[in-house]
Amino acid sequence: MNKIFKAVATAAVFGIASTSAGLAEDWDMPTPYPDKTFHTVNIQQFADEVREATNGELNIKLHTAGSLIKHGEIKNSVRNQIVPAGEFFLSLLANEDPAFGIDSLPLVAVSYQDAARLWEAQEPVITELLAKQRLKPLFSVPWPPQGLYTKKEIKTVDDLNGLKFRSYNANLEKFATMVGAAPTQVEAPDIPQAFATGQVEAMITSPSTGANSKAWDFLSHYTPINAWVPKNIVVVNMAAFNALDEETQAAVLEAAAAAEERGWNMSRREAEEKTQELADNGITIVEPSQELKDGLAKVGVELLEDWRANSTPAADKIIDAYYN
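Taken in order, the sequence shown gives residues -24 to -1, 1 to 300; the numbers are from mature numbering (1 follows the signal peptide of the UniProt record, and there is no 0).
If you are wondering where the hints come from, they were derived from the structure by calculation, not from laboratory data.
Since we're looking at a predicted model, the values are computed, not measured.
Where a beta carbon is used, it is the ideal one built from N, C-alpha and C, also for glycine.
Restraint ranges, calculated between C-beta atoms of paired labels, are given here:
| no. | residue 1 | residue 2 | range |
| --- | --- | --- | --- |
| 1 | Asp24 | Ala146 | 30 to 40 Å |
| 2 | Ala41 | Glu263 | 29 to 39 Å |
| 3 | Gly156 | Asn56 | 43 to 53 Å |
| 4 | Glu104 | Asp24 | 23 to 33 Å |
| 5 | Asp193 | Ala146 | 28 to 38 Å |
| 6 | Lys37 | Glu223 | 17 to 27 Å |
Okay, derived cross-link-like pairs now, PhoX-like style, lysine-lysine, Cα gap no bigger than 25 Å in a straight line:
| no. | residue 1 | residue 2 |
| --- | --- | --- |
| 7 | Lys131 | Lys269 |
| 8 | Lys190 | Lys127 |
| 9 | Lys250 | Lys269 |
| 10 | Lys293 | Lys274 |
| 11 | Lys293 | Lys150 |
| 12 | Lys190 | Lys140 |
| 13 | Lys12 | Lys46 |
| 14 | Lys46 | Lys108 |
| 15 | Lys190 | Lys131 |
| 16 | Lys269 | Lys150 |
Work out the full structure: start from the sequences and follow the hints.
Now the structure itself:
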């Protein structure tokens, strides 16, 4: 199939606009986060590099902050050919198969090095699962590791006993229960009020969320326990990708590889800068004690055993590769 025919075929499916030359293609790409979020900045650079590498023949237009399609609908919108590509939080798909949510399982990957090894084990399985939905992963980038926010110093796991603990998914609810805390459902926008009113006394989230919500206004301590390192993923509809000529496909894949490497480095910088912002605004940064680390590791083993009781062959394949 020649290039012009492919461009016409793709335009028919995705509503892609062509230039008067009949060669240029425009891809609308929804993302969930605002323009200044480092994930969005990274994807914009990816789009710019694709445009430059293809001499303007493939133009990826970002629609940020859920302005085109809401976060929870992005994956299916790409799958159903409403848009050619999109970004979303990978573990949103954990209800489809737990393989998608392993990176959000507490205390499995507790550093960027661990997270990279986990993605190495996860990527081929995720690629296979998404292929069944006519989706192709382009790249994945982690958020900063998740840390512990409290109103007092936490020296051991026992110090969490009895605290009202923010939970927003089943894994966090199980974690809170296992450490003797009382899980309480609180959405991100409601965090400040929940702490101010005593509805919650502790939470686990990234330094980014802590800084963005001005955690120094309602708590005093941050302990970087690196409980997990969740990821976003960028995917493309296979029909849209296959409609590109080989040279353009290669340009997209090359830009995607660069975006993944760059995004991981951006995440590391984000973690450092946001942790420093917490400290600059008066929050006490407490390095976790060995006793706390050991206690959390034991909880992690219990959580993993509980998780594996309801696992799938795809998810088991990832865990086996990660630990062996």
